[in-house]
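Visitor: Sequence:
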Amino acid sequence: MFEIKEIWVPLAALFGIVLGYAAHIVAAEIRLASAQHRAKQMLKDAERESDALQREAQLHAKSEYIKMHDKFEEESRERRSELMAYEERVTQRENNLDRKLAMLDKKEEILDQKIANLESERLALAERDKEVQALCEAERQKIEAVAALSEEDARNLLMSRLEEELEGEFGALIRRKQEAALETAEREARRLITLAVERYAADQVNSVTISSVQLPSDDMKGRIIGKEGRNIRALEAATGVNFMIDDTPEVVVISGFDPLRREIARIALERLIADGRINPARIEEEVAKVGEEIEDAMRQAGEEAVMELGLRSVAPEVVRTLGRLKFRHSYSQNVLKHSIEVGHLMGLMAGELGLDVQLARRIGLFHDIGKALDHEIEGSHALIGADLLKRNGETQVVLNAVAAHHGDVEGESAYAPLTTAADAMTASRPGARSETTDLYLKRLQKLEDIANSFRGVSKSFAIQAGREIRVLVEPGKIDDNEAMQMARNISKQIEHDMQYPGQIKVTVIRETRCVEFAH
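For what it's worth, numbering that gives the first Met the number 0 labels the leading residue of the sequence shown as 0, then goes sequentially.
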């Protein structure tokens, strides 16, 4: 029994080893089969993915081909249309040239014929001239034979008789010349006195026609002038005023008769100095911006005047036009302030007389509104203002009082004489007005009106206290030769229409600008 157990134990161990080895082999085969299956599956997946990518690449390539083909076709059509248009233009030009050549040939034939006719007429005139000379010589010989005097003797005889006749008139002639000389001297003396008075009044004129701008340092003057003076020329061209840069430390003086232009120039220059960028393009941009701001300021001034007098239902156009009076002066008196004063005075007088106070104030504020437009429209400012108010729905009482305050029409209500009286009261205050200044400003305005009346003028500026008028013309309408002729015509028109001491310089400026943008 013992022996059987000893034999069975090794056999069992051997069987276990063989069985474990067999199980290991089976497991290895199973794993190998699984790996092969996964490999085949991955290969199939890779093949499917490759096919999908290949199809996608083919579709993309086909799409790009179609796009490029469409683009090529579009460009080809555009090129063909351009070529056809160019061919049509060339054909049209050829036809035009053919017609012009035919016309030139015809004109050349006509000119040749005219030249031939003129030559024949010249020859005929030469023959007639010879005949006339021969007849004159024959007549002269006949006269000498009849008078028994030669030509020289006849001339001497005639001169001696003329001397005898004129000898008695020499005294009267000398006396008339002396009287004429005295009259001319008196007229010249009056002219010199007038010139002296006008120059003496220059301080008063300058006080209302100049502004000054403070500079941070004198170095800024060179930047304002710019290279070869291009900056100051751009400033003067954009604003229409004169910039005077002299030895006065840290000050630039702005001179111009139009207070609106002067104010725009002052504000624009102050901003350019503060910004530090001073060049022609920046100057034009800033001047345009300030002009828009001044328009807003004028509208606000009109609204404040309406509110101060407590008026209601005033049309926006009337408010804007009232605001323009802020920069309008009459005999150096501000017209907007003058109108407000007239409104208050009329309201007080209307209250005492038992009239409508609101209506009286309305008429007083509106009575000089035409002065905002009288430099654009011909006629009396009273009638211009009445026409503006009529277009904006004002009543007949207002229209008549405004139109009648200078006697242009007959007054129809008690408000008309009230307007005249209040207007005279505010104007007659001591120091309220300066007639010399207003006449001076009207002369400058007349200068600009004469220049603007010519064809092709875009704008004009009277500067140097009216001693110079600068005229900017449109280069597309006026060429260089016409610009020279325009300067002469304007000077002749000024001589014909105006009276002034000294001389006025007329400068016509024709400038062409070419602008492009790089993107």
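Incorrect hints may appear among the rest.
As the list claims (entries may be wrong) - Taking lysine-lysine and the DSS-like style, the derived pairs with C-alpha atoms no more than 25 Å apart in a straight line are:
hint, residue 1, residue 2
1, Lys441, Lys491
2, Lys61, Lys39
3, Lys441, Lys476
What the hints assert, rightly or not - Here are the computed distance ranges between Cβ atoms for each label pair:
hint, residue 1, residue 2, range
4, Arg229, Lys476, 23 to 29 Å
5, Asn95, Gln444, 32 to 38 Å
6, Leu352, Ala314, 25 to 31 Å
7, Ser379, Met102, 29 to 35 Å
8, Glu284, Met306, 18 to 24 Å
9, Leu110, Ala287, 28 to 34 Å
10, Gly378, Leu110, 51 to 57 Å
11, Gln299, Leu352, 55 to 61 Å
12, Ala314, Ala287, 55 to 61 Å
13, Leu352, Thr247, 21 to 27 Å
14, Lys476, Lys70, 40 to 46 Å
15, Thr183, Arg222, 48 to 54 Å
16, Gln444, Glu473, 19 to 25 Å
17, Ser452, Ser379, 17 to 23 Å
If you are wondering where the hints come from, they were derived from the structure by calculation, not from laboratory data.
We put the beta carbon where it would ideally sit given N, CA and C, even for glycine.
Visitor: Evaluate each hint against the coordinates.
Guide: Results of checking the hints against the structure:
no. : hint                        : verdict
1   : Lys441 / Lys491             : holds, 19 Å
2   : Lys61 / Lys39               : violated, 33 Å
3   : Lys441 / Lys476             : violated, 29 Å
4   : Arg229 / Lys476: 23 to 29 Å : holds, 25 Å
5   : Asn95 / Gln444: 32 to 38 Å  : violated, 48 Å
6   : Leu352 / Ala314: 25 to 31 Å : holds, 28 Å
7   : Ser379 / Met102: 29 to 35 Å : violated, 54 Å
8   : Glu284 / Met306: 18 to 24 Å : violated, 34 Å
9   : Leu110 / Ala287: 28 to 34 Å : violated, 54 Å
10  : Gly378 / Leu110: 51 to 57 Å : holds, 53 Å
11  : Gln299 / Leu352: 55 to 61 Å : violated, 33 Å
12  : Ala314 / Ala287: 55 to 61 Å : violated, 27 Å
13  : Leu352 / Thr247: 21 to 27 Å : violated, 54 Å
14  : Lys476 / Lys70: 40 to 46 Å  : holds, 45 Å
15  : Thr183 / Arg222: 48 to 54 Å : holds, 53 Å
16  : Gln444 / Glu473: 19 to 25 Å : holds, 22 Å
17  : Ser452 / Ser379: 17 to 23 Å : holds, 20 Å
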